[in-house]
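Participant: Taken in order, these protein sequences are the chains called A and B.
For reference, each letter of the first sequence is one residue, going 1 to 347 in my numbering.
For reference, each letter of the second sequence is one residue, going 348 to 955 in my numbering.
Among the hints, erroneous ones may be present.
With a cut-off of at most 27 Å between alpha-carbon atoms, the simulated DSS-like pairs for lysine-lysine come out as follows [said to hold, decoys possible]:
# : chain 1 : residue 1 : chain 2 : residue 2
1 : A       : Lys80     : A       : Lys222
2 : B       : Lys882    : A       : Lys168
3 : A       : Lys246    : B       : Lys774
Keep in mind that the hints were calculated from the coordinates and are not lab data.
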Amino acid sequence: MHTRKHILVIGGGVAGMESAIHLCDMGYEVTLIEKQDQLGGHVLKWDFLFPDHRPAYEITNELCPAVEEKATIKLQTEVKNIVRQNGHFEVALSDGEKLTADALLVATGFDLFDAHKKEEYGYGIYDNVITAAELEERFQNKIPIRTAAGKKPARVGFVHCVGSRDEKVGNEYCSKVCCVTAVKQAMRVRESLPGCEVFCFYMDLRMFGRYFEDLYREAQEKWGVQFIRGRLSEAAEDIDQRIIVKLEDTLAGRPLRMAVDLLVLLTGFVPSEGTRRMATMLNLPLGNDRFIKPSDEHLRRNLTPVPGVFVTGASAGPRSISESISDARAAALEIAAWFNNSSQHAI
Amino acid sequence: MGFDLFVIPFTAGLAFLLVWFLYKTVEWLSHLNRVDRTMLRRGVISSKTVRSVKEVILESLLHRKIFRTNPLLGYMHMSLAFGWFLLIVAGNVEAMIFKPATIHPPYYPIFFRFFEPEAAGFPGAKAFEFIMDFLLVFILSGVALALFKRIRSRALGMKKTTRLLWYDRLALYSLWCIFPFRLLAESITSGIYQTGGIVTGSLGNILAGLIPLQSFEYPAWWAYSLALGLFFVALPFSRYMHIPTEVVLIFLRNYGIHTRNSYSSYSEIEVYSCSRCGICIDPCPMSEAAGIQNIQSVYMIRNIRYKTPDEEVNDNCLMCGRCNIACPVGIVTTDLRAIARNERHLSGNLHLTIPATSSPHHDVIYFAGCMGQLTPAVTQSMETILQQAGEDYLFLDKEESICCGRPLALAGRIAEAKQLMEINRDKILSSGARTLVTSCPICYKVFREDYHLPINVMHHTQYLHRLLMQGRIRLRSQNISLAYHDPCELGRGSGIYEEPRQILRLAGNLLPTASEKEKSICCGGSLGNTVLNQKKRHAITEYSLESLTINNPDTIVTSCPLCKKTFAQRSDRPVLDIAEVVKSAIFRDKDNIRIRENYQIPAEEFSS
Numbered sequence: 001m002h003t004r005k006h007i008l009v010i011g012g013g014v015a016g017m018e019s020a021i022h023l024c025d026m027g028y029e030v031t032l033i034e035k036q037d038q039l040g041g042h043v044l045k046w047d048f049l050f051p052d053h054r055p056a057y058e059i060t061n062e063l064c065p066a067v068e069e070k071a072t073i074k075l076q077t078e079v080k081n082i083v084r085q086n087g088h089f090e091v092a093l094s095d096g097e098k099l100t101a102d103a104l105l106v107a108t109g110f111d112l113f114d115a116h117k118k119e120e121y122g123y124g125i126y127d128n129v130i131t132a133a134e135l136e137e138r139f140q141n142k143i144p145i146r147t148a149a150g151k152k153p154a155r156v157g158f159v160h161c162v163g164s165r166d167e168k169v170g171n172e173y174c175s176k177v178c179c180v181t182a183v184k185q186a187m188r189v190r191e192s193l194p195g196c197e198v199f200c201f202y203m204d205l206r207m208f209g210r211y212f213e214d215l216y217r218e219a220q221e222k223w224g225v226q227f228i229r230g231r232l233s234e235a236a237e238d239i240d241q242r243i244i245v246k247l248e249d250t251l252a253g254r255p256l257r258m259a260v261d262l263l264v265l266l267t268g269f270v271p272s273e274g275t276r277r278m279a280t281m282l283n284l285p286l287g288n289d290r291f292i293k294p295s296d297e298h299l300r301r302n303l304t305p306v307p308g309v310f311v312t313g314a315s316a317g318p319r320s321i322s323e324s325i326s327d328a329r330a331a332a333l334e335i336a337a338w339f340n341n342s343s344q345h346a347i
Numbered sequence: 348m349g350f351d352l353f354v355i356p357f358t359a360g361l362a363f364l365l366v367w368f369l370y371k372t373v374e375w376l377s378h379l380n381r382v383d384r385t386m387l388r389r390g391v392i393s394s395k396t397v398r399s400v401k402e403v404i405l406e407s408l409l410h411r412k413i414f415r416t417n418p419l420l421g422y423m424h425m426s427l428a429f430g431w432f433l434l435i436v437a438g439n440v441e442a443m444i445f446k447p448a449t450i451h452p453p454y455y456p457i458f459f460r461f462f463e464p465e466a467a468g469f470p471g472a473k474a475f476e477f478i479m480d481f482l483l484v485f486i487l488s489g490v491a492l493a494l495f496k497r498i499r500s501r502a503l504g505m506k507k508t509t510r511l512l513w514y515d516r517l518a519l520y521s522l523w524c525i526f527p528f529r530l531l532a533e534s535i536t537s538g539i540y541q542t543g544g545i546v547t548g549s550l551g552n553i554l555a556g557l558i559p560l561q562s563f564e565y566p567a568w569w570a571y572s573l574a575l576g577l578f579f580v581a582l583p584f585s586r587y588m589h590i591p592t593e594v595v596l597i598f599l600r601n602y603g604i605h606t607r608n609s610y611s612s613y614s615e616i617e618v619y620s621c622s623r624c625g626i627c628i629d630p631c632p633m634s635e636a637a638g639i640q641n642i643q644s645v646y647m648i649r650n651i652r653y654k655t656p657d658e659e660v661n662d663n664c665l666m667c668g669r670c671n672i673a674c675p676v677g678i679v680t681t682d683l684r685a686i687a688r689n690e691r692h693l694s695g696n697l698h699l700t701i702p703a704t705s706s707p708h709h710d711v712i713y714f715a716g717c718m719g720q721l722t723p724a725v726t727q728s729m730e731t732i733l734q735q736a737g738e739d740y741l742f743l744d745k746e747e748s749i750c751c752g753r754p755l756a757l758a759g760r761i762a763e764a765k766q767l768m769e770i771n772r773d774k775i776l777s778s779g780a781r782t783l784v785t786s787c788p789i790c791y792k793v794f795r796e797d798y799h800l801p802i803n804v805m806h807h808t809q810y811l812h813r814l815l816m817q818g819r820i821r822l823r824s825q826n827i828s829l830a831y832h833d834p835c836e837l838g839r840g841s842g843i844y845e846e847p848r849q850i851l852r853l854a855g856n857l858l859p860t861a862s863e864k865e866k867s868i869c870c871g872g873s874l875g876n877t878v879l880n881q882k883k884r885h886a887i888t889e890y891s892l893e894s895l896t897i898n899n900p901d902t903i904v905t906s907c908p909l910c911k912k913t914f915a916q917r918s919d920r921p922v923l924d925i926a927e928v929v930k931s932a933i934f935r936d937k938d939n940i941r942i943r944e945n946y947q948i949p950a951e952e953f954s955s
């Protein structure tokens, strides 16, 4: 056996961790860097997961210790510079360390769309407009759902597709998981506030995953969540700090005005700052959605046109947690196959 | 005095042209509507006529505005127009001095060398030989530049030049031929008689050694006359109709006549005055940033003139008005385009269901407009400022969106728009307010120009400026660098450039941008274009942002909700409305900070 191949995994979310674990299991030497002070990525901020309501910490509780045991972990570390030399990557890290890697796996993921950019929805302007991530944080910290003034909301509205499928903000793509997240959160709001009316304002519902449709039915039948098809044009605040939403109910074919006590914005995915930086640094091609574009959307979803550079998770487009995990394993295999092929060519 | 058959093409061409133009002028003037005719009558015997003559000399002959675009391009146009004009004048003077007390036929001074090959001895004969040669070379240098421009327009400051129609080409080529033929004909005659100035004389001598001059003389004069005749006949149907029409346009414009809501006789004069120089192509953001080069005003106007309406051309325009500023002839192209858009056939009826209501009494009405509703940070800032200033105000469209009527009018629904405007007018006037403040430049323009309100209509930039001037609010200067974007409707559309700048100089460090004031580039969000796709819009937005960030400001400031929203999606730095900047810089008494003198705008700044 040759000296062990060294792989640098960039990003310590579920995709990066899952890949790192499997690459280690296949006998490779793996270094995983994460810019935060903790492994886990976005999942750390979620309280519970669709479609089965399991706690999110179960995922990180399994992945974090496993990867910590097998791979070299560097927290609060980012890539500063990468130079490709004789088939190796000379990587300079933000802590001053330099390392040599035989392959790079980009797992830098996504950021949530900045809701300030949809000024007409009043995020950052009206106190009772929050994002789904903020609502999730309240769930996680067991903070009761209250308005800014501390009152129990009598009516809560969820706005789908904030920063997704929106030409005007330049994001034409669907972020995939927001619809089902809204359904999940709407049910939880109804559960914790029995008297509260809950409305979802959607363009169309994309319940693409297994059991998602069941969740949607349950939300309506068991929890009485009301779904209104129509895109919000704007939100305003009345004298009682209630949020007045204006939209066209496209099924009834009428304009609709409604006051809600709390408005939750389902912000979509955008390529994370790290993903954008890695794409620029490594000269990786991007799709129309500005996420990294793999070499082949069917057969080589983890390969990039730059030899030795691989991609996994949401840096290659919006994905659910389970999709990211499957994809991360695929990426580990793709890397192994690439090493095998290139060593055969070398001989 | 002589005559020869070869003068016929020239003389017939000239006669045709004069009759045609006279007919057109009479037709245009007789079709002026009553208002315009009154303006014409009042204007003729006034200083406006003197001003018009001056403008004709400066623009039609000297082409001062084109000089400003590019000196070489200006020289090209001037040498052809002014050079030719001087050549005609000098030729006539020469003929008059040579044979005074005779009425010459028009062709005589033009073909003077042919008829009087040995003319000499009259006072200034030598000087005339020199002057006529000099002018010819002057014009020929312009022709050479024109040829060069067709090959490399960039050298003359134009990235794109107009694509020509065949009758334009016919006129263009005959125009190019006129002066080389004249040079040839005069040189040959000079060669035969051993006369002529430095140029024609020397060229004649050289030619004498090369060709049998005698047999070439007559064809050369024929060719010269034919080129002239052909140009004159093609002129009324080609873009060169602008030469005589522009003179009429300048006079009428100075009398205060302009295009209004419908296609008038004056609009037609504007259309015929377009020289299709193509100077409007480069400043068009659609051309530069979105790579669309078939919709510019030059083509839109050409479609009107030749009655080949093209909805795609008419619709695919931001209506930002940058071409109005660039047009050397001063055609208000956006007005012509708006009319062309309204020509379309509308089907179906709209029924307004808005109830007429009256408003409670207040001093000031604040109107956010439908775009203002989409930028709550702006309306909230305005409310804070209004309260801070202790104003007794009514936020007219706080609860219910009210439309100013402009979108209906833009869609060609003039009657419905008028109906809506009447309802709004009652709402505004019933409050007894003396001031209407709006945040949207589009609403501002409509309220000011179409509502005929007997009260003070202000955009919030003007209103904030007034509050500062009256000392009702004061600002603390922030340590922040700002770049200001002039919205199309507020800047070019309403001429408000200074108020926002004076406010921003008090609030922070205002940096210059690459395209200021009337040169400001549309944000790309324009509602004037309903067919442009988002990708191209984004390209225009980025092009505009590039100009705004040339000095790397911390924040971009504008005063139009639509511009703000459009920029915010693509900008790498914060984009704020001027109301937000004022709100955050406002000095409140409880701030407990010592007031400095410069919190208020110095008095002299207001005189401008």
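Participant: Could you run down the list of hints and mark each one as holding or not?
Facilitator: Quick rundown of the hints versus the structure:
For a cut-off of 27 Å, the pair hint linking A/Lys80 to A/Lys222 is broken: about 52 Å separates their Cα positions. Restraint check: the Cα-Cα separation between B/Lys882 and A/Lys168 comes to about 9 Å, which is no more than 27 Å; the hinted pair holds. Restraint check for A/Lys246 and B/Lys774: the C-alpha separation of about 23 Å stays at or below 27 Å, so the hint holds.
In this structure, the one hint that does not hold is number 1.
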